[in-house]
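Based on the sequences and whatever the hints tell you, model everything.
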Amino acid sequence: MSATLSPPPNSTAALRQQFRSGKAALIDEFRSARPSVPAATRLLSGLARHVDATLCELWKQCGLPDEAALVAVGGYGRGELFPYSDVDVLLLLPNGCALCDAPASGAPGCAPLQAWREAVERFITACWDIGLEIGSSVRTLDECVAEAQRDVTIQTSLLESRLICGPRKLFDQFRKDADAAVDAKAFLRAKTLEMRQRHVKYEDTPYALEPNCKESPGGLRDLQVLRWVALGAGLGRTWRAMAANGLLTPFEAQQLQRNEGTLKLIRARLHMVAGRREDRLVFDLQTAVAESFGHRGTRMQRASESLMRRYYWAAKAVVQLNQIVLLNMEEQIQGSRDAPMRPIDERFLSRAGMLEVASDDLYERDPHAILETFAIFQREVGIKGLSARTWRALYNARGLMDGNFRRDPVNRATFMRILQAPEGQTRTFRLMNQSSVLGRYLWVFRRIVGQMQHDLFHVYTVDQHILMVLRNVRRFFMPEHAHEYPFCSQLALQFERPWVLYIAALFHDVAKGRGGDHSTLGATEVRRFCREHGLDKEDARLCEFLVAEHLGMSRVAQKEDLSDPDVIHAFAAKVRDERSLTALYLLTVADIRGTGPKVWNAWKGKLLEDLYRLTLRALGGAKPCQEAEIEARKAEARSLLALASQLPGTEGPLWKTLEVSYFARHDAAEIAWHARALWRHVASPEPVVRARPSPIGEGLQVLVYAPDKPDLFARLCGYFDSAGFNIQDAKVHTTRSGYALDTFQVVHPRLDEPGSASYRDLTSLVETQLTAALRASGPLPDPSRGRVSRRVKSFPVVPRVSLRPDERAQRWLLSVSTSDRSGLLYAIARVLAAHHINLQLAKISTLGERVEDTFLVDGHELQHARKQLQIESELLDAAAPLPT
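Residue numbering for the sequence shown follows this note's numbering, beginning at 148 and increasing consecutively.
The set of hints was computed from the structure by calculation and includes no laboratory data.
Even glycine gets a Cβ: it sits at the ideal position worked out from N, Cα and C.
Check each hint, because a few of them may be wrong.
Straight-line distance between alpha carbons at most 35 Å, and here's what the computed DSBU-like set of lysine-lysine pairs gives [said to hold, decoys possible]: (1) Lys878 - Lys803; (2) Lys856 - Lys1014; (3) Lys803 - Lys781; (4) Lys753 - Lys684; (5) Lys411 - Lys348; (6) Lys706 - Lys1014; (7) Lys531 - Lys706; (8) Lys332 - Lys316; (9) Lys361 - Lys348; (10) Lys753 - Lys706; (11) Lys323 - Lys207; (12) Lys316 - Lys411; (13) Lys706 - Lys721; (14) Lys361 - Lys323; (15) Lys753 - Lys721; (16) Lys878 - Lys1014; (17) Lys684 - Lys706; (18) Lys781 - Lys753; (19) Lys348 - Lys332; (20) Lys531 - Lys207; (21) Lys316 - Lys348; (22) Lys207 - Lys332; (23) Lys781 - Lys856; (24) Lys207 - Lys348; (25) Lys411 - Lys684; (26) Lys323 - Lys411; (27) Lys411 - Lys531; (28) Lys207 - Lys316; (29) Lys753 - Lys348.
Have a look at the derived ranges for each label pair, beta carbon to beta carbon [claimed, not checked]: (30) Leu790 - Ala749: 16 to 26 Å; (31) Thr671 - Ala171: 48 to 58 Å; (32) Arg760 - Arg644: 15 to 25 Å; (33) Lys323 - Glu265: 27 to 37 Å; (34) Phe634 - Pro185: 50 to 60 Å; (35) Phe642 - Arg343: 32 to 42 Å; (36) Lys803 - Arg688: 27 to 37 Å; (37) Pro185 - Arg384: 48 to 58 Å; (38) Thr272 - Lys323: 27 to 37 Å; (39) Glu806 - Lys684: 46 to 56 Å; (40) Arg384 - Ala293: 39 to 49 Å.
This is the structure in structure tokens:
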């Protein structure tokens, strides 16, 4: 593939046209070619040569002095250029020609200062005029060395440099001075710290659902770091040269080259499809990039999943090889290969805090030592990682972990020993996954490595989510994390054999992506594991129960009426005993927390804790006596009122108007708050609105008391929507005297810590504005046209509406599942209001950018099949995403 320029006319416009058409021809050739690494290599080198020729012509046209040189640096300096990457160049001047410092009359042997400046400005302006997104710097030889010593980023860019045009002698002196200025040890430390910081930024995983194929762990930058460090230490410029210097084996060099080619091919296709510089494999582009590779979606797998699986396997290999090579470099540069070694046993040693195999062929001679590596890593104090030699031995031993290895009783016993150890499971299992040992031993786990989760609330691949859940469970048993979830930590202290929970965490989502119910399929897998690993019947039953029902507790807590004794008894019958209940509660909290940072909130935590406590009481044999429970709540509420200096009996007029269901659905603190706020307003014709920081420590709790009317709930939702609040929960009650007494749990992006100025301001604002909104009359306004997020566009949720009678056929359960957007709840409420449907309970569950809302409703029109169909149809229209 060639793209050299014929001698162009002096016109910048003509040169611009020639540059753009040449670049377009190269990209078109790449687009039409079969997607392959050689095609990507031809494109990248062809674009670099094309830019070289263009810059040389501009250099001549702009009249740059003969003493100056144009040098390619950074990625362009490597002789490869992605379609929309920046072009980084250095205008290299001989010493004495600094534009800032040279005297106006010029220095000996140099053009006058003004001529230098004008020529440089002409050149840079011309580059931008013809469409070259250039990053330029102008330095003398001495300035290059001084800047490189001050800034490791500049030093790095100068390591990969090549001459485009200008005197070779000046460039050779520049290369000699720049190389001599590199302190290999300091450079290694700086690049290692820089890489760690970058990995933290990208959540330390190559398995993000929208990875950056350049910057994420396992991306091209990790490979560039190896090249930079090798160049800085004089250990080679290519993978083959590094192998010759003992940093890697010929096989590892081959693997590095192959996976680097895969990543470059994906990045080049990504640029081509996006039509701009875009290094993130965002959801919007994944399908188009996959189709450019020829992938096509099937009933079982999307086209994007095939692409991403290919990317994740390449990224994982890069992470492993990066670890091996970087540790080898560190040993060679730092001289730690000569550090003394402490024997651990006849097979393993400790050197400088790293676990070292006693011989390179250890795993071939004794495959049992593979899992033993991780048992020792977990057990030995002071071991912070695996040495390069151990990493390499594990990498080369992957083929040994076959069916016989997995069936070996010794290996099964070692794996159980790792699970049952008193500590260290999180880092050990992460290391096992990073080294591919976990997927080789648990073959069912291997199937979900790099498996995407196409929903709107998981932010990790399945394997990373599982390991995150395992980490969360482990934290419940660690005293240093007790402050995070005190109730979970309290329960964990009393839980025997916590490794049962670790097994459930490992298997709870292991059957995702197969089709069918992953909970049921996963229960089959964990049952087989327990049988093969010798668990007793009780623990095996619990593991199977936890995997089969790991979604059940959150569903009941977030979708059903916890004040209904039948709901609690049905759930208690399913869990059967206290140990199963505690285990399911701990796994549920860990699972929700492990889906993503935006899914868990304090309100969900309260619902789950309430369900746990109510179920525990039912399991204890205490039959709920609703009358006794309500009297206890009233007594506690009176005590709270007395503490607030409320006169005895002032609560009476309000309480006389309230049904039993009100007291069943509110706790004593809420009952007292309502009585204190409303005792003077029981018969007020005007709406009463009170707001306070939520007792659970997140958002506001808003009380609304007003004469009831069919569209009241819709008006409330309309206000919260327009004011930017998200409703998490709504308890709706109608008094005997025809008043609505509603309590909302809401959150707002502006809310900071409880008690802060933003809380006080919003509390006052809600009370004023919502009161005014409720006084308004006239037709309900149309819902706002909520903006659909990028994730929702990529993973649209088909709206679903379910309307079914409860077990007593007195009320109806309405469930709505759809993509989240502003104005959604208001749109649903408008439909209910139009059909005079009374709302008794609303549970608003937001899972990332998907909602699962449940309402308890009744109304005359629900008794007629035709009307019911009409209502469901209108609700589907209301829940459908708005056109963009």
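Tell me if the straight-line CA distance from lysine 803 to lysine 781 falls inside 35 Å.
Roughly 12 Å between the alpha carbons, so the hint for lysine 803 and lysine 781 holds.
Straight-line Cα separation of lysine 316 and lysine 348 no greater than 35 Å?
42 Å, violated
Would the hint linking lysine 684 and lysine 706 be met if the CA-CA limit is 35 Å?
33 Å, holds
Starting from lysine 781, check that the Cα of lysine 856 is at most 35 Å away, please.
Satisfied, since the Cα-Cα distance of roughly 28 Å is no more than 35 Å.
Mind checking the alpha carbons of lysine 531 and lysine 207 for me, to see if they're no more than 35 Å apart?
57 Å, violated
Can you tell me whether the CB distance of proline 185 to arginine 384 sits inside 48 to 58 Å?
21 Å, violated
Does lysine 207 pair with lysine 348 here, judged by a C-alpha cut-off of 35 Å?
43 Å, violated
Can the restraint linking lysine 361 and lysine 348 be considered satisfied, given a maximum Cα separation of 35 Å?
13 Å, holds
Does lysine 878 pair with lysine 803 here, judged by a C-alpha cut-off of 35 Å?
Within the cut-off at roughly 19 Å; holds.
Is the straight-line distance between the alpha-carbon of lysine 753 and that of lysine 684 35 Å or less?
33 Å, holds
Quick one: are phenylalanine 634 and proline 185 within 50 to 60 Å, going by C-beta?
59 Å, holds
Checking one constraint from the list: CA of lysine 856 to CA of lysine 1014, max 35 Å. Satisfied?
Holds, because 21 Å separates the two Cα atoms, which is no more than 35 Å.
Figure legend: structure checked against the earlier numbered hints; hints not met, in rising order: 7, 20, 21, 22, 24, 25, 36, 37 and 40.
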